[in-house]
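Participant: Single-letter residue listing:
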Amino acid sequence: MISKDNIVSQGRLVTVLGMVIVTFLVLMIRFYDLQIYQHQKFASRAEANRIREVAHPGPRGLIMDRLGNLLVDNRFTYMLSAIPWEVRRSPEVIPELAQYVDMSRDELRLQLQEGYRGAFIPVRLTSGLTFPTISRLEEHRLDLPGIFLSNDPIRFYPSEASLAHVLGYLREVDEREMNRIRRSGKYQLGDLMGWSGIERQYEQVLRGKKGYEYVQVNASGQEIGPVPDKEPVLPHPGSNLYLSLDVELQTYAESMFDTLRGAAVMMNPENGEILSFVSSPSYNLSVFSGAINASDWHTLQADTTRPLFNRGAVGTYPPGSTFKLVTAIAALEEDIVPTDWTVNCPGYYRLGRRVFKCWREGGHGRVDMYDAIEQSCNVYFYQLIRKVGIDNWAKYAGIFQFGERTGVDLPEESAGLLPDRQWMDNRYGERGWSEGHLLNMTVGQGNVLTTPLQMAKFAGILATAGKVVTPHIGVAYETEGGYLEKFEYPTSRITALDSSTYKTVLEGMYRVINGDHGTGRWARIPSALVFGKTGTAQNPHGESHAWFIGILKYKGDIQAIAVLIENGGSGGSIAAPIAGKIMRKSIELRESRNNTAIPTMLSEKLGNE
Amino acid sequence: MNNYWIQKKLSDLDWGILAICLVLFTVGLIALNSATLESSGGYFGNNFHKQILWGLLGLTGLFAIYFLEKKVLFEWSYLIYGVVLVLLVLTLFFGTGAGSSRWFRLGPIQFQPSEFMKIALILALAKYLSSYRLNIQNPQTLAIPFLLTLFPTVIVFQQPDLGTAMVYIAILFPMLFWANVPLFYLFAILAPFVSIVTAFNFVTFAIWIGILLVVLYFSRRPLFLSVFHFIGNVSLGLVTPLLWSSLKEYQQTRILTLFDMSLDPQGSGYQVLQSQTAIGSGGMWGRGIGQGTQTHLKFLPEQHTDFIFSVVGEEMGFIVVAVLLVLFMLLLLRITYLASEARDKFSGMVLMGVGSLLFFHVAVNIAMTIGLMPVTGLPLPFFSYGGSFLVMSFAAIGLLLNSNSERIE
Chain A
1 MISKDNIVSQ GRLVTVLGMV IVTFLVLMIR FYDLQIYQHQ KFASRAEANR
51 IREVAHPGPR GLIMDRLGNL LVDNRFTYML SAIPWEVRRS PEVIPELAQY
101 VDMSRDELRL QLQEGYRGAF IPVRLTSGLT FPTISRLEEH RLDLPGIFLS
151 NDPIRFYPSE ASLAHVLGYL REVDEREMNR IRRSGKYQLG DLMGWSGIER
201 QYEQVLRGKK GYEYVQVNAS GQEIGPVPDK EPVLPHPGSN LYLSLDVELQ
251 TYAESMFDTL RGAAVMMNPE NGEILSFVSS PSYNLSVFSG AINASDWHTL
301 QADTTRPLFN RGAVGTYPPG STFKLVTAIA ALEEDIVPTD WTVNCPGYYR
351 LGRRVFKCWR EGGHGRVDMY DAIEQSCNVY FYQLIRKVGI DNWAKYAGIF
401 QFGERTGVDL PEESAGLLPD RQWMDNRYGE RGWSEGHLLN MTVGQGNVLT
451 TPLQMAKFAG ILATAGKVVT PHIGVAYETE GGYLEKFEYP TSRITALDSS
501 TYKTVLEGMY RVINGDHGTG RWARIPSALV FGKTGTAQNP HGESHAWFIG
551 ILKYKGDIQA IAVLIENGGS GGSIAAPIAG KIMRKSIELR ESRNNTAIPT
601 MLSEKLGNE
Chain U
1 MNNYWIQKKL SDLDWGILAI CLVLFTVGLI ALNSATLESS GGYFGNNFHK
51 QILWGLLGLT GLFAIYFLEK KVLFEWSYLI YGVVLVLLVL TLFFGTGAGS
101 SRWFRLGPIQ FQPSEFMKIA LILALAKYLS SYRLNIQNPQ TLAIPFLLTL
151 FPTVIVFQQP DLGTAMVYIA ILFPMLFWAN VPLFYLFAIL APFVSIVTAF
201 NFVTFAIWIG ILLVVLYFSR RPLFLSVFHF IGNVSLGLVT PLLWSSLKEY
251 QQTRILTLFD MSLDPQGSGY QVLQSQTAIG SGGMWGRGIG QGTQTHLKFL
301 PEQHTDFIFS VVGEEMGFIV VAVLLVLFML LLLRITYLAS EARDKFSGMV
351 LMGVGSLLFF HVAVNIAMTI GLMPVTGLPL PFFSYGGSFL VMSFAAIGLL
401 LNSNSERIE
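As given, the protein sequences belong to chains A and U, one line each in that order.
So that you can map any letter, position 479 of the first sequence is 479 in the working numbering, and since no number is skipped, the others follow by simple counting.
So that you can map any letter, position 116 of the second sequence is 116 in the working numbering, and since no number is skipped, the others follow by simple counting.
Simulated from the structure, these hints should not be mistaken for lab results.
Heads up, some of the hints might be wrong.
Unchecked claim - If you want the ones that stay clear, here's a sample from chain U, every Cβ over 12 Å from chain A, calculated:
| hint | residue |
| --- | --- |
| 1 | Leu29 |
| 2 | Phe67 |
| 3 | Leu183 |
| 4 | Arg287 |
Unchecked claim - Think about it this way: if two alpha-carbon atoms lie no more than 27 Å apart in a straight line, the pair counts; the simulated DSS-like pairs of lysine-lysine are:
| hint | chain 1 | residue 1 | chain 2 | residue 2 |
| --- | --- | --- | --- | --- |
| 5 | A | Lys503 | A | Lys387 |
| 6 | A | Lys486 | A | Lys186 |
| 7 | A | Lys210 | A | Lys186 |
| 8 | A | Lys585 | A | Lys209 |
| 9 | A | Lys210 | U | Lys248 |
| 10 | A | Lys186 | U | Lys248 |
| 11 | A | Lys486 | U | Lys8 |
| 12 | U | Lys50 | A | Lys186 |
| 13 | A | Lys209 | U | Lys50 |
| 14 | A | Lys467 | A | Lys357 |
| 15 | A | Lys387 | A | Lys357 |
| 16 | A | Lys585 | A | Lys555 |
| 17 | A | Lys503 | A | Lys555 |
| 18 | U | Lys8 | U | Lys50 |
| 19 | A | Lys486 | A | Lys503 |
All figures in this text were calculated on a predicted structure; none of them were measured in a lab.
Glycine included, every Cβ here is placed at the ideal spot set by N, Cα and C.
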C-alpha cells in the first residue's frame, strides 16, 4: 500500500531549494571569474602561449629468436610530421615543403589525407631524412608552420629471415581501433601499435611508455621554446621478447620457397614451440617500419599473389591424402578391420553408377593397411571408409582437434572445417548427400579444410603418441628486473587411443619414407628416423595443392613438420623434398652447434632465475 | 486507454520542463558537432549523427514512460530494480570494454546497465520510502534503502566505475532527506564516508573525530549506540589505507588530484588546466562555434563526453553559459517544487530522486570543467556524447513528467 499523503516539511523544502540555488550561484560566479574577470589572462595564454605537448614514443621491446639472435631492433630516424590544422591555415606550406624533401606536392597531400587522425594530431609524412635535408628544413623552419622534425624509434629488421607473417607490423591507431581500446587510456590517435602478428599479440609486453616534452607555440603555430616550469617526462622502453624460432632454420626454410606459394611449419611436438614458420610469398617488413607510405600499402594490398595473407595459420586447404591417416586410426580404434585386411586395387572403385579413381591408373594390386598408407592407395580407403562411416571418421578427426583453432599466439588463425553428419545434413539436406561425399572426404577432398599449422600439430600428436600441445612462438619476456618470465600454454593428452594404433600408423608412415614404393621417398634421411605422409589435394581452380606432413626423430629430438605448396602438383615430388631438406638442415644445425639438442640460450637464461 | 485519458495526460504534461530539456539537448548537439568536427577525421560528424539517433530514441522512451500508468510503474518498481540488478551482475561476467566491463553488447549496439540502474534505483527507493505505515523514526527502516543502494554501488565499483557508484549514493541521501528521515540518521550514515575521505590526513581526521564526538554527545542517543558509532568510524578511518591500495591506479590519481592538481600534470590535472584555459579564453561572447582552438588542442579523448562543457564555454562564451546554467537551475527548482506538491508520496519521492540524479550529474560535471571538483568521469545530461546515458536522461525526464501527472488510484 502506498501512503497517499506527500507531506514535506517546509524546512526541508527550503533546504533543497537553497542548495540548488547556492550551487548554481557558485558555478555562475566561477564562470564569471574565468570568462570575464580573468578573460584577458586566459585569452593571451590561449592565443600567444599555447603549450604544445610533444610526445616521444618509448622504444618498443626487442624481439629475439631462441638463440638470442636479434630479429627486431629499433633504430632512431628523423621523422617529418605535420599538424593538419596548422598546415591547412597556410596553403603555401605544402609547395614550400616539396622543395626541400624528396616528395611531390601530390604525394605530400595524399600522405596528409591518408594519415589524418584529427586536426591536431601529427601526421607522419616521411622518415629516414638525410642530414642535408634536415639542415635545409631547419633553415626554413619559420616558413613552415605546423611542420616539425622528431627523432623517433622505428622498427629495424637485422635478420636475414623475412618472417613478415610471424612478426607483423605496426600501424597508427585509427578511430575504429580507438573506439575498441578507448577506456584503456593508454593510446591516443596516431600512436603506433602492433597491428598484426607477434607485434600485435604481445603488444602489452612490447609497447613502450611515451615521454612528453612541452613546447610553447605562438599563434601561428611556430615553436617559441620549452615551457620553463614543466618538466619533461622521459619515455620508457618496452620489454624484450624471446621467440621459439630458430632464425637459421627459418632463413633456410624460407629460401626453399623462392617463387613458390605455400607454407611450412616445423615445431617441437613435446612443448609446442614453433621452430620455423614460413608463409610465402612474403613482403618486406621494412616498408612498415616508420611512416607507412600510402602507395606502398596499396601496392601490397592489390598484389594478386596476396603476400599479406598468412598461409600457415589462416589459409585453409583440403588436406588430401594426409587425411587418410584419420580413417586408418578410426578403423583400428573401432576394431573395424585388422591391419592385414586387404583390398584389391585395380585403379578405380565403382560405387553405384559413379567411378572413383585411384591416383595410380594401373592400380596397386592387393594391399593391406601398411601398403595402403605407404603407397597412398585411394581404393583401399574408399572401401575402408564405407565400413568406418562418417560418425566414427568425424569423431576421430575431432579427437585430433581438426575444425578447431590450435590456439597459436598469432592474432589471426582459421579453424578450418571438419564436416560431421550434422554439418552435412545442414549443408546438403538430410538426403542430399551420399556415400560419394564420404569417399571424397576420406582422401581429404570435398568439404574438409585444414591449415598447415593444424597439420603440423597433427603430425606432432602422432609423433608423441597423443600429446596435444598449443603451438606457439612467444616463449618468454624480460621483466623490469631483468629476469625472464615464461609464457604458459596448455597441453593435454589424448587418452582415447590405444598405443598400438599409433604404432601401426607410424609404421605406415615409416614406410611412406623408407619403403620401396613409398610416396615420400624424397624426404628420406639415412642418419635419422623419418616418418611422413604425402598428399595431393585436387583443386578445381588449377594445379593440385601439394602436402607433406612428417616427423623427424634424431638423437632424442622429435620434430613435426607440415609443408604445403599451393598449386605445386603432387605432394611426393614437391612437398616431400622440401620437407626433407628442412629436416636435414635442422640436423645439420644441431651437429654444428656442438650437438646441443634444443638450442640453449633460453634455457640458460631461464635457469638463472 | 481512451481519448479522454490521453487528453488528460497531455494537459497534465509539464511543457516547461520538456521545453527546457529540448533546448539543452539542441545546444548540446551544436557543441558536440563542433567538438567532433575536428577530431573525427574521415568519419565527419559520425558521433553527431549517432547522438541525434540516440536522442530520438530517448524522446520515444520519454513519451513511452510518460504514457505508462503510474500504478504500473509503482507496482513494477521492485521487479524493474531486480531485472536491472541481474543485468548489472551479468556485466561482471559477460561485459565488454577494455580494462573494464560496463557494457553489454546486443548485436550492433552496446548499452550500459549501470545507467539504467539509476532509474531502477529511484523507483525502488521511492516505492519503499512511500509505503504505507512505514515508521521513518525507526532506524531499522533505513536498512532496506541502504541495501538497495549498496548492491549496485558495489558492483559498479568493481567494473570499475567510481563516478556511477557515487551517483547511486547521491540519489539515496536526498531521497531519505525528502522522506523525513531524522537528520541524525543521515549524519550517522554519512559519517563513514567522511571518515574515509578524511583518513588520508591525520589533521583532517582528528578534526572530524572531534566533530563526531560533539554530535554524538548532543544527539543524546543511547550510550552503547554512540560508542558503537564512534568505534566504527575510527576503525574505518584506520583500514582506509588498505582499501586505498586496492584501488586502480587511475582511480587513485583522480582522487588525489582533489587535493593537489599538480600531482598529475599529464593526466586529470592537466586536463582541468586546459579546460579552464579554454573556458576562460571564451570570454563574454565566445570564440565562435567551431573556432575553439583550446578545446581541440587538448587532444582529449573526452572532449566530446566529459569535457563537452568546456567546448560550450570556449566557443559560446559567458552569456550562453549563464543562460544554460539558469535553465538547469530552473529545471531543478521546478522539479523540487513539483516534488513538494506531488499528489502522492511515491511521486514526490520519484521527483526528488530524478532531481538529485540530474543535480549531481550537472553540478559535478560542470564543477569539474572549471576545477572545482575532481575529474570523476560523470557525463553532463543532454550534452555529453553517449547513447545509454542520453536515453537514460530522457527516460528520467519521462519518469518525472509521469510522476507529476495523474494520481495513483
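Participant: Sort out whether Lys50/U lies within 27 Å of Lys209/A, counting only the CA atoms.
Facilitator: violated, 33 Å
Participant: Has the given pair, Lys486/A with Lys503/A, been kept, meaning a C-alpha gap of at most 27 Å?
Facilitator: violated, 34 Å
Participant: Test the statement that Arg287/U is away from the interface with chain A: the closest C-beta pair must be farther apart than 12 Å.
Facilitator: violated, 9 Å
Participant: Between Lys387/A and Lys357/A, does the CA-CA distance stay at or below 27 Å?
Facilitator: Within the cut-off at roughly 19 Å; holds.
Participant: Compare the distance between the alpha carbons of Lys210/A and Lys186/A with 27 Å, and conclude whether the hinted pair is satisfied.
Facilitator: holds, 9 Å
Participant: Check whether the Cα positions of Lys210/A and Lys248/U lie no farther apart than 27 Å.
Facilitator: With Cα atoms ~20 Å apart, Lys210/A and Lys248/U stay inside 27 Å; holds.
Participant: Do the alpha carbons of Lys585/A and Lys209/A lie within 27 Å of each other, as the hint requires?
Facilitator: violated, 41 Å
Participant: With a cut-off of 27 Å on the C-alpha distance, tell me whether Lys8/U and Lys50/U pass.
Facilitator: violated, 34 Å
Participant: Given the hinted pair Lys503/A and Lys555/A, is their Cα-Cα distance within 27 Å?
Facilitator: holds, 19 Å
Participant: Check the hint pairing Lys503/A with Lys387/A against an upper bound of 27 Å on the C-alpha distance.
Facilitator: Satisfied, since the Cα-Cα distance of roughly 22 Å is no more than 27 Å.
Participant: Non-interface claim for Leu183/U: all C-beta distances to chain A beyond 12 Å?
Facilitator: Violated: least Cβ distance 10 Å, not greater than 12 Å.
Participant: Keeping to a limit of 27 Å between CA atoms, is the pair of Lys486/A and Lys186/A held or broken?
Facilitator: The hint holds at about 24 Å.
The structure fails to meet hints 3, 4, 8, 11, 13, 14, 18 and 19 from the earlier list, while all remaining hints are met.
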